[in-house]
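With my numbering, letter number 57 in the sequence shown gets 57, and the count goes up by one each step, no holes.
DSS-like mimics (lysine-lysine), calculated; alpha carbons at most 27 angstroms apart, straight line:
no., residue 1, residue 2
1, Lys146, Lys207
2, Lys13, Lys183
3, Lys13, Lys120
4, Lys146, Lys85
5, Lys146, Lys13
6, Lys183, Lys61
7, Lys120, Lys207
8, Lys142, Lys187
9, Lys142, Lys13
10, Lys61, Lys40
11, Lys13, Lys85
12, Lys183, Lys53
13, Lys146, Lys120
14, Lys53, Lys34
Each pair of labels, with its calculated beta carbon distance range:
no., residue 1, residue 2, range
15, Glu205, Gly42, 50 to 56 angstroms
16, His41, Val88, 34 to 40 angstroms
17, Glu205, Thr43, 48 to 54 angstroms
18, Glu205, His41, 43 to 49 angstroms
19, Lys34, Lys187, 22 to 28 angstroms
20, Gly31, Ser64, 25 to 31 angstroms
21, His89, Gly31, 32 to 38 angstroms
22, Thr60, Glu83, 34 to 40 angstroms
23, Glu184, His89, 22 to 28 angstroms
What the hints contain is simulated information worked out from the structure, not anything from laboratory work.
Glycine included, C-beta positions come from ideal geometry on N, C-alpha and C.
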Amino acid sequence: IIIEDLAELELLKLMLSQAETTRSLFLITAGLCKSYLLNKHGTILLQPVERLKELISEETKRSSLNETLTVLLEFFDLIVDPETKINVHLEELPSLAVRPTDLFQMLGHVILYAVNFAGKNGEVEIIAAPATGISGIPVTIKATSKLLNVRIAGDPLSELITSKLGHSITDGTNPIDLIYSLKEAQKIAELYRTTFEYQTVSNSEVKFRISLPVSGN
1 IIIEDLAELE LLKLMLSQAE TTRSLFLITA GLCKSYLLNK HGTILLQPVE RLKELISEET
61 KRSSLNETLT VLLEFFDLIV DPETKINVHL EELPSLAVRP TDLFQMLGHV ILYAVNFAGK
121 NGEVEIIAAP ATGISGIPVT IKATSKLLNV RIAGDPLSEL ITSKLGHSIT DGTNPIDLIY
181 SLKEAQKIAE LYRTTFEYQT VSNSEVKFRI SLPVSGN
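Input sequences plus hints: build the corresponding full structure.
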């Protein structure tokens, strides 16, 4: 129990640290968005997030997976524990028929979930390569945790922490149906007539798969 308690506290520490840094990044980007919208419209706008969504909908459906992951991981370097490894394996890929901001959000939600599942000393792998017989580009995101089973039955704090990471989902329920960030990723994926598939490999390993549409140009 003592070992499990220490592991639980380590998880809580990592999550709180990530939340602090994420708030800082949010304020930086929100401030920049405010300035951008002010310069674009010449006045302060209400409902700025809705205005930004309108701008996203106007983007061309063409993006690069390589470029998106490069920028995404630059941001993640600021919030992810350095002892959590993120390995990327990409072949030369064609452009995707996905709006750049949609791709950024969609992958960001799932990769951050994978990072939290993996925890300290864990590993996340991102693999993408063209596959024979598949029209899109299959992308696999795998998370491997090195943590002990930190769930303590009947302990509210333990249940809260582990449910956020998916470690306590043991009844076959898909976390995409339960966790806000994964539901948001799925909503974006459905705009492009695709979905994330979730697989529990073991208690310490999960996989997400999605096939992303290729640009026709």
